[in-house]
Structure formats: structure tokens, C-alpha cells
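Using the sequences and the hints, build the whole thing.
Heads up: the protein sequence lines correspond to chains S and X, in order. Just so you know, the numbering used here puts the end of the first sequence at 78, numbered straight through with nothing missing. Just so you know, the numbering used here puts the end of the second sequence at 241, numbered straight through with nothing missing.
Do not rely on the hints blindly, as some may be mistaken.
[As the list claims (entries may be wrong)] Straight-line alpha carbon distances no greater than 30 Å define the calculated DSS-like cross-link-like pairs of lysine-lysine that follow:
(1) X/K184 with X/K198
(2) X/K184 with S/K22
(3) S/K75 with X/K198
(4) S/K75 with X/K85
(5) S/K25 with X/K129
(6) X/K135 with S/K25
(7) X/K179 with X/K85
Everything labelled a hint here was simulated from the structure, so no lab data went into it.
Here is what each chain is made of, one letter per residue.
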Amino acid sequence: MSFNFDQELDCSGLSCPMPILKTKKAVDSLEIGQVLKMIATDAGSLPDVNAWTAKTGHELLGHEEASGTFTFYIKKTK
Amino acid sequence: MSENRAKRLAIIAGHGTLDAAYPPLILATSAVAMDMEAAIFFTFYGLEIIKKGNADKLQVSPIANPAMPQPVPGVSVPNILGMLPGMTAVATGMMNGWMKKANVAKLSELLEMALEFDVKLIACQMTLDVMGVKKEELIDGVEVGGAATFLEFASQEALALTF
Numbered sequence: 001m002s003f004n005f006d007q008e009l010d011c012s013g014l015s016c017p018m019p020i021l022k023t024k025k026a027v028d029s030l031e032i033g034q035v036l037k038m039i040a041t042d043a044g045s046l047p048d049v050n051a052w053t054a055k056t057g058h059e060l061l062g063h064e065e066a067s068g069t070f071t072f073y074i075k076k077t078k
Numbered sequence: 079m080s081e082n083r084a085k086r087l088a089i090i091a092g093h094g095t096l097d098a099a100y101p102p103l104i105l106a107t108s109a110v111a112m113d114m115e116a117a118i119f120f121t122f123y124g125l126e127i128i129k130k131g132n133a134d135k136l137q138v139s140p141i142a143n144p145a146m147p148q149p150v151p152g153v154s155v156p157n158i159l160g161m162l163p164g165m166t167a168v169a170t171g172m173m174n175g176w177m178k179k180a181n182v183a184k185l186s187e188l189l190e191m192a193l194e195f196d197v198k199l200i201a202c203q204m205t206l207d208v209m210g211v212k213k214e215e216l217i218d219g220v221e222v223g224g225a226a227t228f229l230e231f232a233s234q235e236a237l238a239l240t241f
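In C-alpha cells, the structure reads:
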């Protein structure tokens, strides 16, 4: 699964809460409709990104997981 | 989707140990990342977290902390040994080692993030008076207030937590 994206953010190696904090900052810097590709290795990032998009209303277009690395595609909606 | 009534996170930080300092800062910054407002009221030993240059010097106490993992797995060290000189430094060194290995952000980094995210950092005036601490000894961006300052924030659609 892959999506076109406008910005990439690598949070590899970072622990909670840094991936979410950096994601928030990156999405803030986007225009509405643009997509952020975020990479994380924190095992908690899958539930956390889901919770973050559910709460903030931004859209998780999809994610993929390969050998401990998670890649998320998040669309800014507002 | 369920109605999310709480729009604010109001936290009381009352302890100045390394392990007690993390949850308030992690939760407050994350709350702002989730479009909530957050405030932390630093009272009693919690004030240590926001003293200038002090966040990364906080320690872990091994005393009365039986949950602390043993330095050598499987070898039980009696908790009372925690009272020996130097044991606090040993426990702190172990914890800092684990934190670094897991690449956890330093407390100073989380404090910077909290300031950047406009987390309201309130230093307890009464604690300043009791401990003889001056406002100038605290990091920039902190406001000083009392219980009413915190409660005014916490009284409006807030979740409140104590650490």
C-alpha cells in the first residue's frame, strides 16, 4: 500500500510521545488535503496514531508494517 | 463517535523524582497534540522539575520502591540496601541508562516541547514561599499562581490527574 505524499517525517528510534508530537507539528505545517508520510519504530505508534487521528479528525489513509517499522499516511483534513 | 467533553487536561505534579516527572510532561504535551489545552500545576517537590537546568538532574529513589527492577536479573537485592550511601545515584544511573537505550526524550526536551505547545506551567506560589525559591530560579515561561489559578483552569471541561 502506498500513497502520494507531500511531506515525509522519520520518527525511527523515537519513543512515546515524540512520534505523536512531531506528527502534530508536521501536520500543522501542511495545507488542507496534503498528506504526511510518517515512519516510526515505536511499537505503540500504531494504536497511538489511530487514537490521534480519531481525536483530531485528520484522516489515516493507511499504514504498512514491515519488520518493526511502521509507515503511516495521514491526510490533513482541517 | 462518542462525544468528547473534556477539552482540557489539568495535571498536578507533586513529586520531584525522575520517574514521577515524566508522566505529567508526556501527557500534557500529548494532550496539546490532540487539540486539547493542558496545564501542569507544580507543587511541593514537583517544583524541582521546573527549576532552571534541573530537569535532567532529577533522581530515582530505590528506597520504598520495590518495583524497581534488580540490577542483576534473578538476584534479589533487599530493598533496605537502598538506604546505603550512593544507592540513589546507582538507581538513577540505571534508569537513565534504560531511558537512553529506549531513546526516550530527556525531561528538558519535553519541557521545551511543553513551552512550544503552550502548555500552561503553573508554579505553586505557596511552595515557592515554603521552600524559599525565587521565581528567577524557575525556567522562563512559567507562571506563578495558587490553587485558585489551577482550579479555574481545571473547572472547565477538564480531566484532572495527579502525579
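Taking the hints in turn, this is what the structure says about them:
1. X/K184 with X/K198: Holds, at about 19 Å.
2. X/K184 with S/K22: 15 Å, holds
3. S/K75 with X/K198: Answer holds: S/K75 to X/K198 is near 29 Å, not above 30 Å.
4. S/K75 with X/K85: 23 Å, holds
5. S/K25 with X/K129: Status holds; Cα separation ~27 Å.
6. X/K135 with S/K25: Since the Cα atoms of X/K135 and S/K25 sit roughly 28 Å apart, the hinted pair holds (cutoff 30 Å).
7. X/K179 with X/K85: The given pair, whose Cα atoms are some 34 Å apart, is violated under the 30 Å limit.
The structure fails to meet hint 7 from the earlier list, while all remaining hints are met.
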